[in-house]
Amino acid sequence: MPSAPLSTTAVVVVSYGSHDLLARNLAPVTAEGGPRGVVVDNLTTAQEREAVTALADEHGWTTVLPEGNTGFGRGVNLGVERALADGARTVVVLNPDATIARDDLERLVARVEAEPMTMVAPLIVDAEGRPAFEGYAVDLTDGATRSPRAPRVPGHRHEEWLTGACFAVSAQLWRACGGMAEDYFLYWEDVDLSLRVLAAGGALLNDTSVRAVHDQGGTQAEEAQETRHSPTYYYWNVRNRLLLGAHWARRGELRRWVLRTPQESWAILMRGGRRQMVQHPALTLLPALRGARDGLRDVHRVRFGDRWAAPRRRPGAARIGSLTGPMR
Numbered sequence: 003m004p005s006a007p008l009s010t011t012a013v014v015v016v017s018y019g020s021h022d023l024l025a026r027n028l029a030p031v032t033a034e035g036g037p038r039g040v041v042v043d044n045l046t047t048a049q050e051r052e053a054v055t056a057l058a059d060e061h062g063w064t065t066v067l068p069e070g071n072t073g074f075g076r077g078v079n080l081g082v083e084r085a086l087a088d089g090a091r092t093v094v095v096l097n098p099d100a101t102i103a104r105d106d107l108e109r110l111v112a113r114v115e116a117e118p119m120t121m122v123a124p125l126i127v128d129a130e131g132r133p134a135f136e137g138y139a140v141d142l143t144d145g146a147t148r149s150p151r152a153p154r155v156p157g158h159r160h161e162e163w164l165t166g167a168c169f170a171v172s173a174q175l176w177r178a179c180g181g182m183a184e185d186y187f188l189y190w191e192d193v194d195l196s197l198r199v200l201a202a203g204g205a206l207l208n209d210t211s212v213r214a215v216h217d218q219g220g221t222q223a224e225e226a227q228e229t230r231h232s233p234t235y236y237y238w239n240v241r242n243r244l245l246l247g248a249h250w251a252r253r254g255e256l257r258r259w260v261l262r263t264p265q266e267s268w269a270i271l272m273r274g275g276r277r278q279m280v281q282h283p284a285l286t287l288l289p290a291l292r293g294a295r296d297g298l299r300d301v302h303r304v305r306f307g308d309r310w311a312a313p314r315r316r317p318g319a320a321r322i323g324s325l326t327g328p329m330r
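The numbers in the sequence shown follow this note's numbering, run straight up by one, and end at 330.
Worth double-checking, as some hints may not be accurate.
[Stated by the list, open to error] The calculated label-pair distances, taken between Cβ atoms and stated as ranges, are: (1) 180 x 68: 18 to 28 Å; (2) 103 x 48: 29 to 39 Å; (3) 131 x 291: 35 to 45 Å; (4) 149 x 298: 19 to 29 Å; (5) 136 x 158: 14 to 24 Å.
If you're looking for bench data, these hints aren't it; they were derived computationally from the structure. Bear in mind that the values here come from a model prediction, so they are computed numbers and not experimental data. All residues carry an ideal CB built from backbone N, CA and C; glycine is no exception.
Let's have the full structure, built from the sequences with the hints guiding it.
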C-alpha cells in the first residue's frame with residue numbers, strides 16, 4: 003500500500019511524568035514533514051509540567067493540560083478531541099515509551115485512510131526487535147484472556163483486541179464508537195475500545211507489515227528494581243477485568259467472570275513471577291486482592307446500581323484479521 007501524507011494526521015500521547023520519553027520518542031516522529039503532535043500532560047509536579055510545555059514549545063506540539071491525573075482513557079479522549087477540533091482526519095495514539103519510524107507511520111495512516119471504519123495497530127516489538135504483542139483474545143463468556151495461538155473454547159464468545167500502545171483510527175470511526183471508556187483509569191481501556199469499535203460496525207486490523215517499538219514499562223517507576231511490575235499494575239489489571247465483564251458480559255455470563263476471578267488474578271500475579279510475589283506481597287498480592295474487591299463492587303454498581311443510566315454495550319459482528327491471514 004502506498005504511503006500517506008501526514009498533514010492531516012495527529013499523534014496523541016498521554017504523558018505522566020514522561021517528558022524525557024517525549025523528547026526521545028515523540029520528537030523524531032513529529033520532526034519536519036511529520037504529523038502534528040498533541041501531548042496530554044496528566045499532572046504530576048509543577049517542574050514536570052514546565053518541562054513538558056517547554057518541549058511542546060520547542061517542537062510545535064499542542065498541549066492539553068488537565069489539572070490532575072485523568073487516567074489514560076480520559077487523557078486519550080481529551081487529546082483526540084483536540085486533534086479532531088484542529089482538523090485531523092486520522093489520529094495515531096502512541097504510548098510515551100513507544101516510537102514508530104516515519105515509513106511505518108505513513109503505511110499505518112494509509113491503511114486507515116483506505117479503510118476508515120477499521121482501527122489499525124502495528125506489530126509491537128521490543129527494543130531487540132522481538133514481537134511483544136501479537137494480538138490477544140478475550141473470552142466474553144467467562145472473562146479469560148488468551149494468546150492468539152491458544153485454542154478457543156467451543157460455544158464461547160471470543161473477540162480479538164488491539165493494544166493501546168500504538169493504534170490509528172479515523173475521525174469517522176472515533177466518533178462512531180464514542181472514544182475510550184473513562185472508568186478504567188489504567189489498563190483494559192484498549193480491550194473495551196476494541197469492543198466499542200466492533201459494536202459500532204467497525205473492524206480491527208493487526209497490520210504485521212508495520213512495526214512500532216515499545217519499551218514497555220518505561221512510563222512507570224517500579225517500587226524496587228527487583229520487581230517486574232508495580233502495585234498499580236496488579237491492582238488495575240485485576241479490577242478492570244471485572245469492570246469489563248460488568249460492561250460486556252451477557253446475562254448469565256457474568257457469574258462465570260466472577261467465579262474465574264481467582265484463576266485470572268493468579269495469572270496476572272504470575273506475570274511478575276512467583277519470586278516477586280513471595281518476596282514482595284505488599285506490592286503484589288495485596289494490590290491484587292484490593293483490585294478484586296473493588297472490581298466486584300463495580301460489577302454490582304454497573305449491573306444493578308446504574309443499569310438503567312448506563313446500558314451495557316454489545317460487540318457486533320465485524321471483521322478482524324491481519325495482513326498475513328486471520329488472527330488466531
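- Query: Do residue 103 and residue 48 keep their Cβ atoms within the hinted range of 29 to 39 Å?
  - Reply: Distance hint for residue 103, residue 48 holds at roughly 34 Å.
- Does the Cβ-Cβ separation between residue 180 and residue 68 fall within 18 to 28 Å? For residue 180 and residue 68 the Cβ distance comes to about 20 Å; the hint holds.
- Item | Cβ separation of residue 136 and residue 158, checked against the hinted range 14 to 24 Å | The hint (14 to 24 Å, Cβ to Cβ) holds, given that residue 136 and residue 158 are roughly 21 Å apart.
- Item | Verdict for residue 131, residue 291 (Cβ pair) under range 35 to 45 Å | holds, 37 Å
- Does the Cβ pair residue 149, residue 298 satisfy 19 to 29 Å? 26 Å Cβ-Cβ, so the 19 to 29 Å window holds.
Every hint, counting from the list given before, is met by this structure.
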